[in-house]
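*Asks:* One-letter residues, chain by chain:
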Amino acid sequence: DTGVSQDPRHKITKRGQNVTFRCDPISEHNRLYWYRQTLGQGPEFLTYFQNEAQLEKSRLLSDRFSAERPKGSFSTLEIQRTEQGDSAMYLCASGSGGEQFFGPGTRLTVL
Amino acid sequence: RKEVEQDPGPFNVPEGATVAFNCTYSNSASQSFFWYRQDCRKEPKLLMSVYSSGNEDGRFTAQLNRASQYISLLIRDSKLSDSATYLCVVKGYSGAGSYQLTFGKGTKLSVIP
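Protein chains in written order, with the numbering used here: chain G, 1 to 111; chain P, 112 to 224.
Just so you know, these hints were derived from the structure itself, not from any lab.
Where a beta carbon is used, it is the ideal one built from N, C-alpha and C, also for glycine.
Errors might be hidden in some of the hints.
[Unchecked claim] A few chain P residues that face chain G, going by a derived Cβ cut-off under 7 Å, partial list only:
| # | residue |
| --- | --- |
| 1 | E154 |
| 2 | L157 |
| 3 | L198 |
| 4 | G203 |
| 5 | S205 |
| 6 | S209 |
| 7 | F214 |
| 8 | G215 |
| 9 | K216 |
| 10 | G217 |
| 11 | S221 |
[Unchecked claim] A few chain P positions that, by computed beta-carbon distances, are all more than 10 Å from chain G:
| # | residue |
| --- | --- |
| 12 | D118 |
| 13 | T135 |
| 14 | S139 |
| 15 | S164 |
| 16 | D168 |
| 17 | I223 |
Work out the full structure: start from the sequences and follow the hints.
*Replies:* Spelled out as structure tokens, the structure:
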């Protein structure tokens with residue numbers, strides 16, 4: 001499968017714990033995006049990488065959130081001290097031009 | 112005003128019906144426009160781009176009115192497999208050196224046998 005992959009697909013954690021998600025983009029894509037989607041809403045932009053450079057961060061991304069793409073390939077999104085409000089689907093997308101291709105997402109539940 | 116607004120839905124239509132979705136956007140400098148489809152508990156997938164001249168892909172027709180900042184999607188001869196949430200998406204320059212996609216909330220379509 002040469003699409004965008006994300007791991008894990010589901011994560012259940014207790015409030016206050018740290019979690020880390022991984023995204024493997026389509027190999028030839030230099031752009032990588034993270035989005036968050038809650039029930040009944042469209043995806044909301046969180047952050048964007050071009051190669052290894054993080055070029056933009058949404059105001060939704062509080063200081064508890066950090067994202068990296070150290071070698072310009074896979075990316076990680078870490079949430080520290082999780083809160084119940086962080087429960088959502090975290091989507092990764094990659095692209096090299098106009099279209100963005102989405103991964104299956106990581107569904108986070110914070111208890 | 113939200114950046115991208117869509118019909119709230121849900122739309123419940125019989126097979127074979129024609130259904131239209133509307134969308135408005137607030138940023139007049141928006142560059143590109145798309146409709147994405149999202150099945151339940153799945154990721155969004157690009158359905159079609161929307162061009163100023165209007166464009167058609169089989170049973171799907173998309174139109175853009177830049178003056179009114181309005182986008183539409185028409186589905187003819189609805190199939191059961193068309194049941195999904197349709198997301199209106201606008202691409203614009205974010206002002207920080209990149210282009211961003213802004214998604215509407217989506218409109219849920221259920222095609223009923």
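*Asks:* Are the hints correct? Go through all of them and say.
*Replies:* Now the hints, each set against the structure:
The closest approach between the C-beta of E154 (chain P) and any C-beta of chain G is roughly 4 Å, which is under the 7 Å cut-off, so the hint is satisfied. The closest approach between the C-beta of L157 (chain P) and any C-beta of chain G is roughly 5 Å, which is under the 7 Å cut-off, so the hint is satisfied. The restraint placing L198 (chain P) at the interface with chain G holds, with a minimum CB-CB distance near 5 Å, inside the 7 Å limit. A distance limit of 7 Å between C-beta atoms decides the matter here; for G203 (chain P) the minimum to chain G is near 11 Å, and the interface restraint is violated.
Against a cut-off of 7 Å between C-beta atoms, the interface hint on S205 (chain P) holds, since the closest Cβ of chain G lies about 6 Å away. Annotation: S209 (chain P) was flagged as interfacial toward chain G, and the flag holds, the nearest CB pair being 5 Å apart, inside 7 Å. Look at F214 (chain P): its Cβ gets to within about 3 Å of chain G, closer than 7 Å, so that hint holds up. For G215 (chain P), the suggested interface contact is upheld, since its CB lies about 5 Å from the closest CB of chain G, less than 7 Å.
Taking 7 Å as the C-beta contact cut-off toward chain G, the hint placing K216 (chain P) at the interface holds, the least distance being around 5 Å. A least Cβ separation of about 5 Å between G217 (chain P) and chain G falls short of the 7 Å threshold, and the interface hint therefore holds. For S221 (chain P), the suggested interface contact is broken, since its CB lies about 15 Å from the closest CB of chain G, more than 7 Å. Every Cβ of chain G is farther than 10 Å from the Cβ of D118 (chain P); the closest lies at roughly 13 Å, confirming the non-interface assignment.
No Cβ of chain G approaches the Cβ of T135 (chain P) within 10 Å, the least distance being about 14 Å, so the stated non-interface status holds. With 10 Å as the threshold on Cβ separation, the claim that S139 (chain P) sits away from chain G holds: the shortest Cβ distance comes to roughly 20 Å. With 10 Å as the threshold on Cβ separation, the claim that S164 (chain P) sits away from chain G holds: the shortest Cβ distance comes to roughly 17 Å. Every CB of chain G is more than 10 Å from the CB of D168 (chain P) (nearest about 14 Å), matching its label as outside the interface.
Once the 10 Å rule is applied to beta carbons, I223 (chain P) is consistent with being away from chain G; the minimum gap is 21 Å.
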